[in-house]
Structures are given as C-alpha cells and as structure tokens.
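Listed in order, the protein sequences are those of chains Z and P.
Note that our numbering has the first sequence beginning at 52, numbered continuously upward.
Note that our numbering has the second sequence beginning at 9, numbered continuously upward.
Worth flagging that the hints you see were computed from the coordinates, not collected in a lab.
A virtual CB, placed ideally from N, CA and C, is assigned to each residue, including glycine.
One should not assume that every hint holds.
Stated by the list, open to error - Which chain P residues stay away from chain Z? Per the calculated CB distances, all over 10 angstroms, these:
#	residue
1	T25
2	Y43
3	D47
Claimed, not checked - Below are the DSSO-like pairs computed for lysine-lysine, each with C-alpha atoms no more than 27 angstroms apart in a straight line:
#	chain 1	residue 1	chain 2	residue 2
4	Z	K339	P	K26
5	Z	K499	P	K76
6	Z	K227	P	K26
Single-letter residue listing:
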Amino acid sequence: MSQITVKVGLASCGVAAGAMEVFELLEKHREQGADFRLMRTACIGMCFEEPIVELSGGKLGTLSLGQVKPGDILENIEEYRQDKIPNANVILTETHEGSRDSLLSEQTRIVLKNCGVIDPKSIDDYEAHGGYSALKKVMTMSPQEVIEIIKASGLRGRGGAGFPTGLKWSFAAQAKGAKKYVICNADEGDPGAFMDRSTLEGDPHNVIEGMIIGAYAMGADEGYIYCRAEYPMAVKHLKLAIADAQRKGYLGRSILGTNFYFTLHIKEGAGAFVCGEETALMQSIEGKRGMPVIRPPFPAESGLWGCPTNINNVETWANITWIINHGANEFKEIGTQDSPGTKVFALTGKIAGSGLIEVPMGISLRDIIYKVGGGMKSDRPFKAVQMGGPSGGCIPDSLLDTTVDYDSINATGAIMGSGGMVVMDSSTCMVDVARFFLNFTQSESCGKCTFCRIGTRRMLEILTRITKGLGTMEDIQKLRDLAANITKGSLCGLGQTAPNPVLTTLRYFEDEYLAHIQDKRCPAKVCSSLLRFEIIPDQCIGCTACARVCPVSCISGKVKEVHLIDQELCIHCGACYSACKFNAISKG
Amino acid sequence: MERDFSQLDTIIQAYQTKPGILIPLLQEVQDLLGYLSKDAMRYIADKMQIPAADIYGVATFYSMFKLKPQGRHIVRVCKGTACHVSDADEIKEALRAALRLQSDEDTTMDMKFTLVEVACLGCCSLAPVIMIDDTTYGKLTPELIPNILQRYAFGEDK
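Okay, chain Z solo, but in the shape it has when bound:
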C-alpha cells in the first residue's frame, strides 16, 4: 500500500485559525515514527473552513477536512488509513460528493492554480508542477514575440484600472534607455482585500517567473517587488523563492545559459496606502515620501530613478506563465471578449463561504454570492456588495445580475478594483459604510492636492454629522458638490475615486440618508446616537448589571426590581445592551 500524504494549509489565515498547532503535532508524531508523509501548502481559498488538512494516497482518494482540531486529526488519519470516511468535517472529496464542492466547481483557476496545491517553499515542487517551463519556452522566442502573445491574449491590468498589459509592455520595450526596470506592485492596501497576499504566500515562484518573462520582453535587467510590510509571510516566502531561483539559474547572470541577465529585489513598504499608486510607489522605492507626481512623463518613459519602468500588480504578473504555456487563444476562450481571463476576489463580510476565489470574467455577481460563496451567512437578507475598496462602491440587490467585467462594473458606479468584495446584509448601515471609507481615504490622503486633503475631511465631517442625527437636507447637495470637485481636483487615483463610496450609496440608498436626516433614525440600527435603548419590563430580573456599567448612571432600579433608563440622560453608548444577559434591553 502506498504511503498516505497529509497536507496542511499554512497560509496566514490558516495559521491564525490554528493550523500551526495541527502541523506541529503531526510533525512530532511523524518524528516518533508515525507512517505518513507530511507536507505544507498554502491557501486553497476556503478560509472559512480553516484549518484545512488534505489526505491523499489511500483508497478513498483525496479528501479535504475542514476546521480540523488537533485533538481529532490523528484519529482521522487512522480512519482514512482503514478506508473509512473520517468522522470529521469533510469539505472536499475526489468523487465530488463533499458538501463544499459546488464552491470550487464554479471557479476557474489560472492565477491560483498552484495555491493550496504545492509547497510554496519548495522550488522543486513548483518545477514538478510545470514551473519555469514558460520561461524556458520564452528563451526560444524574441522579446517582440513575447509581447505579441501578451497583446493577443487581451490581458488587462488586474490592479484595478484594466489597462491592456501587452500595450503597456510595448511602451516600455520601445522606450529608449540603457537601463530599464520592472516592478511588481504588491502594496495591497485596500481594506477587505487579500488576493495578493494569498498569491504570494501560496505560489511566489509563479509571480517571479512572470516578472522574469516580462523583463526579457521589455529589456529590463533589474526588478523590484514592492510588498506591504504587514504581510510577513509573503515577504518570507518571496525572499526564499528569489534565493532558490538564483541558485537554479533562473535569476542572475546568464539565465538558462543565455546572455540575458536579471536581478530581483524586495522592497518592504512602510505603511502608506497611497504607495499603491505607481508614481508614489516609485518615490517610496527611492526612499522618499511616497507622494504621487504628475504624469506624463509616464513610468514607461521615465520611472524609477528616471529610467523606463513597467509596473504591474501581483495578479497581472501571475497570469503570464499560464498565457505563455497555453497560448493567447486558450486564454481568450475564458471570460468575455473585452475582459478575457479570470479575476481573483477576496469574498468576505456577511457571506457563508468567505475566502479567496477565482472566477471567469463574465460571471454574474449573483452567481458569485449565491453559488461560489454559498449565500448569506445568516437569515438576514442581502443588502449590497462593496467592490473596489475605498475607490469603489456599493452595488445593490437590484443590480446583482451585473456581470463581472471592467466596463459593466464601472457602469454601476463601483469599480472592479483589485478584487475586494465585501458582502453586506440588512445589519449594515450604508451611511456608516460611506463614513468608514471616507475616514480611511481622509487619513491616507498624502496631502499634496488641496481638494483631496481638505475636501475628504469636509465630506467626513458631514457624514459623521449625519450618522449622529445632526445632518440637514443641504448636506446631501454639499456631499455631491464636494465629490465632483475632489474628483476633478486631485492628481492621483486615491483622490479621484475617494468620493465613489459616498456617490454610490447616495445613488442606491438615498432613503437611508434621508432616514438619518429627516426621521433621526438608523434603519440598520448601527449609528448608536440614533438608537433608543429601553428596558423590557417582562424580561428584566433586576440583576443591576446594566446600572453598574452605565457610564452616566442613568439607569435606576433596586435589586430584583425592574430597572428604568432615563432617556434624557442616556448617551446611547450601548454598554447596557451588551451587559444584559437576559435580552431585557431593546435597541431601536
């Protein structure tokens, strides 16, 4: 009988959910002679089921177990060894009878093909899965031929704006200059997005190979990966991968025996959202404050240290090897005519199956939420899906049949963005969400442009006022005017798109703004200043818990008697509501 292989998912999400304890336990048992092969892998995407362990090599084929507990796993392995379905949460089976298979069957994996499959710390495993074959193929082609393939594939930049990648490459290739750079933008700063983190943690070589191919096509000899420092595991895996690729002759001098040479560095960001903007990112690599500069000249002409530079984001680079290996035509068969290929999304919020997904372009938002994501997390109805982070917008129920491609999403007022998708239900207040994003952009504005620096602050003040019940009807017009001016008066994408969360919520959820302003009511019961807390006499047992936590001592009542909240003094902090163990306080 062949040996059983036990694979543990050890990406950040998995580790946070306790996967390391499972791995260490298994490692200890194996050292003590237990008969199985132990492997590590990264993120398969079903973060809600972490920690995930995959068993293979037995008669039952490959099985994945979710929410694995250290106390059960050894027994589960023994059951599997005896060809019994483990008494555990089986999430995937080879025969596709598992409860979660539908979540994966709607997906198409190009970028994430190796994520959760290979050991990201092993270049040998990457090579065994076809790694660096695209680079070998490219070395037999001319740089121009490579660019033509990328052009023909129709690949568009996955960082958000959707600019054709092949065209961008051709600009950098044509630019005059002895020294050229390629850069990978891994400064994933959108709150609610972790596509790039998972890609880099799970398959770092695929991104590196894409960059080497790009460097060859454009004639660059040096590259940078600008990675968020908040992603320590991604940085660690990248450093190891670069060292291994150098050792094997894929990086450095005379790559694969040719006279092409290319070196790659990692630059860790220092915490500034605006550095995701390409000109700001280059300022930051140069060691300066990361503030955007005027374009033109575009980076292709004059970028890093004044040299022609090409910047693509992680997901764009991660598409390259697949396109080279499979050809432009096969790539164009996936997705839509104007947006070929796939898109990776970080699906989070009030959704049952939150995690990392890769779907073909052209799929509807409805299918993503109800098929791939498994529907809503609770009984509360769907309200909106937020796409594009602080630059994006909230798409309502009535537009759920919108298909995922750059142009259709733009038409809703949101943007495709880099791939954050946060699902919201009736317990989410849309004015509060708009305020949340404005608070973010306001604090991340670099301060260069007046409209962005001061305009976002004024918008935030107005939104805060509205959530406190102090808004007026003029505020809505003021928000619209400010939004128009900030969009016009800002240099970079951060400012130009900062008003989008406000504009889309005003467009689709104006009634919620009106409820806050005119009725002094928050329909989602989120904005605490507008809530009224009352004690339900039938449920109150007089335990005094609420009176003890009230910071303004506005709750009166004796032990074992019904208490009363003085509405005049109440500051709506909600402390009593949280403290009551008998559901005797109503919020509304």
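Dock chain P against chain Z, hints included.
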C-alpha cells in the same frame, strides 16, 4: 539630552553608499532603538549629510515609523471593511477597557502594551481580527479579549 548614538554607526555605514536606502535604514534603527527619537534622526542626518527635515518627512509619512516609545507588545486591531461590518469597534473598546487606556493614550502605563489601529491585516475571513506581535487572533468577541491579553501579561518579560 545628549545621548550616545554611536551604536547606529554600523547600520549607517552598511547603507551609506546605496541608493534609496532611507526607509530600510530607518526601519533598522527603529528595530534597534524601539522608536525614532528626534535626537536619533538628527544624528543620522549628520552622519549621512542629508537634511534632518528629509528624515523627519519620511518618518512622519509612513505609519510604520514611531516617534514615541512603544510598549513591549504591539496590539494591532484591524479596522478593515470586513472587520468594520463585523463590529471591530466593540473589539477596540474591549481592548481599551482591558488595557485601562485613557482616551488619548495608546500605550499602557507599564509600557507593556501599545494599541494601534491598522487598515487591514488581510485575514478578512476571520473578522473581526487582532494581531498581537506576530500572532493573529480571529473570530473574536469582546468577551474573549481579557483572556487573550492575559497570555501576554505575565511571566515572559525578557
């Protein structure tokens, strides 16, 4: 207050000739000293022969650089979108209460903990999330906070 910063000389020397080094250099200095004091920044400026204002400009631009002494453990409370809609504010309040922080403080009196808000830790599926030093804790409720902090409060002072 004059302090001897000669321990920084090796770091400065290692970087001196390379382009675009200011950010990694300051990161290393901060790792060594715990934070970037004005005196330390002046010392680097002197040695590197660049204006102190350039260094101060970079140090204040990036959120990673700290201009005040930090607690031994850094508690990061995630304020990303997924965490926000999963009541991250309640987690933050529970942390502030458990650490007994006054309204304008972010570091505890005994210099044990510093509380910071971060935009997103990228573990959105586990929202709401906090990170203490390098360990992430997910699917939190306010009740779980005191127990988690307890693990750091005793016995491991090095």
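We went through each hint and held it up to the structure:
Interface exclusion of T25 of chain P from chain Z stands, the closest Cβ pair being 13 angstroms apart, more than 10 angstroms. Chain Z leaves Y43 of chain P outside its interface by the beta-carbon criterion, the shortest separation being 14 angstroms against a cut-off of 10 angstroms. Here D47 of chain P stays apart from chain Z, with its beta-carbon at least about 21 angstroms from theirs, past the 10 angstroms limit. At most 27 angstroms may separate the alpha-carbon atoms for a hinted pair to count; K339 of chain Z and K26 of chain P meet this at roughly 14 angstroms.
Proximity of K499 of chain Z to K76 of chain P is assessed by CA-CA distance (about 26 angstroms); at most 27 angstroms being required, the pair is judged to hold. Distance restraint check for K227 of chain Z and K26 of chain P: the Cα-Cα separation of roughly 25 angstroms lies within the 27 angstroms cut-off, and the hinted pair is therefore satisfied.
Of the numbered hints given earlier, the model fails none.
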